[in-house]
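If you read the protein sequences in the order shown, they are chains E and U. Per our numbering, the very first residue in the first sequence carries number 340; after that it's consecutive. Per our numbering, the very first residue in the second sequence carries number 0; after that it's consecutive.
For the record, the hints were derived by calculation from the structure and aren't laboratory data. Hints are not guaranteed to be accurate.
[What the hints assert, rightly or not] Just so you have them, the derived chain U footprint on chain E, three or more residues with Cβ under 8 Å:
(1) 388-397
(2) 468-481
(3) 502-514
(4) 521-533
(5) 548-556
(6) 678-686
[Stated by the list, open to error] Listed next, with one range per pair, are the computed distances between beta-carbon atoms:
(7) E/L720 / U/N60: 34 to 40 Å
(8) E/G621 / U/M6: 51 to 57 Å
(9) E/R500 / U/M6: 36 to 42 Å
(10) U/G114 / E/D723: 46 to 52 Å
Even for Gly, the Cβ is constructed at its ideal location relative to N, Cα and C.
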Amino acid sequence: MLYNQPHPLEVRLLTRRFGLPNSQSIDTYLATDGYKAFEKSLGMSPDEIINEVKASGLRGRGGAGFPTGLKWSFVPKQSSKPKYIMVNADESEPGTCKDRLLIEYDPHQLIEGILIAGLAVGAQQGYIYIRGEYRYLIGVMDKAIAEAYAHGYLGDNILGRGMRFHISTHSGAGAYECGEESALLESFEGKRGNPRIRPPFPAVAGAYASPTVLNNVETFCAVPPIILQGGAYFAGLGTPKNGGTRLFCLSGHVNKPGVYELPMGFNLMRMINEVGGGMRGGKKLKAVIPGGSSCPVLKAEECDLAMDYDTLAAAKSMLGSGGVVIMDEDTCMVKAALRIMRFYAHESCGWCIPCREGTTWLRKLLQRFHDGGGTRSDIVLIGDLSRNMLGRTFCPLGDAAALPTISIVEKWRDEFEAHLNGVPCPYEKTSRLVTA
Amino acid sequence: MTFSPEMEARFEQFLNKYPPERRRSAMIPMLIYAQDEVGSITDELVAEVARRVGVTPLQVNEVVGFYSMLHRKPLGKYHVQICTNISCLLVGGVELWERACHKLGIGHKEVTANGLVSLEEVECMGACSWAPAVEVNYDFYHDVTPEQLDKLIDGLMAGKTPDEIDAVKRVSC
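Take these sequences, add in the hints, and give me the full structure.
This is the structure:
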């Protein structure tokens, strides 16, 4: 059973098998064009595969939005070391819950995407790093992998064509930081999830210091439809330089929260009002986090925009990971900033001092503010501390903590002022919503 | 240290996933699965995993300290994890958390006197569109209402298994 009903405005490409009976089984997969893209790829050169992915305009769905075909092209053609495909299924960006469904409902699509990536860069081994909390998905994935072996799509002589490829799952153990690519690789190697200094990038020195293609689940899942229907077809679904569809995770104060596959460039207000069924209880929209808690927050009047990487960047925010968090007029923005900062302070790996100290002191400041003990100079200090973290850490966690905080303190300064002089949080009563 | 035959088979499988000289990669998967059987990450378990993956106990200990799902102290038979991160906060996650603490008389990472239930306020677990979310051991509960949480906790405290408490939308292993 699906977690939420599909919406007619969806363009279901990656999610087209969701809801089919036994959608996770290889029989259903094979009956619906499964592994046809892989078989087509076997007749293509590595460059042809990479060029098709480049033509699709596919950009990384994990958050950074780097062009996937370009990333693959950075893997050296000649390598004395084995090459690896690494799947980032450490989905932990607050607001994001899409990779879960892609694995749960269509694990073979992910396997096929990994296989095609393997052909494109000449790798023979793939790993799927799944966050520890998603234990049940490791079972789903292991079962699908076993089916793929039994049907000859994995092994030492795939489909009798002499290709060798193996895939294994790998469990994490609870750490947001391990969703960052270099920290994921450290964790995969059995270490603390601290980020690595780059360069070298994973394409050159990733898992075991070997060339590694590391992408998000959704990115790999987009590859089979791209190969089967052509890069141009995928590109045409989205906007220029923002190819295809993507999975948007609607959460918060909407009537129909859920995961919806929509074309890139879909208007955010339509996403809220039509796909999401409008604001809960007829309340007014106040704020939207457009792509997971690391993104600068948008005010309601900024939300009439196209959801693609470039439009969001122009609006000084980010498309991020697809986690669209919708907040109504009764939401206390100081409280939202505090909860987000509590998260980053908890998840900072502690390696870079600006992040470790910055997130902790910001959490304390915001807590004091929300409790009514803030001063006018604290408002300035919150912004200053955040801006001093920007760009001063080895991985993006520091920026991820700073960006939403800066946006909230700049755009909702009046709410901070309303908390001054020991006044209890003016939203405290109304923000305590009762669940429907 | 001895484990069940199932756990030994799992260890074997883990150790075979990686190149032979990269056994250390099996460390975290071994720890998180063994924890379910041993009850917590004990010094003995640390030493055993260190021996099997070919590192020092210190190298395992520094890893254990990093990951929030690896616990040094035993948890309850049912570890109830309640998310209060942003998406859950907006739709009642904090109220669920406070309700559970009040009802059980325990706090963050504490265990009830009968050892049945432990509580943890957790960060985002990837159920944002079906918030507020609760995870009991490795089973997800979605769109949880205060009444459903009561029924779940009451049932667990009465010694029922999650299967016997047919109260809440559940996704399980």
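Against the structure, the hints come out as follows:
{"no.": "1", "hint": "388-397", "verdict": "violated (count 0)"}
{"no.": "2", "hint": "468-481", "verdict": "holds (count 7)"}
{"no.": "3", "hint": "502-514", "verdict": "holds (count 7)"}
{"no.": "4", "hint": "521-533", "verdict": "holds (count 7)"}
{"no.": "5", "hint": "548-556", "verdict": "violated (count 0)"}
{"no.": "6", "hint": "678-686", "verdict": "holds (count 5)"}
{"no.": "7", "hint": "E/L720 / U/N60: 34 to 40 Å", "verdict": "37 Å, holds"}
{"no.": "8", "hint": "E/G621 / U/M6: 51 to 57 Å", "verdict": "54 Å, holds"}
{"no.": "9", "hint": "E/R500 / U/M6: 36 to 42 Å", "verdict": "38 Å, holds"}
{"no.": "10", "hint": "U/G114 / E/D723: 46 to 52 Å", "verdict": "48 Å, holds"}
Going through the hint list in order, the structure does not satisfy hints 1, 5.
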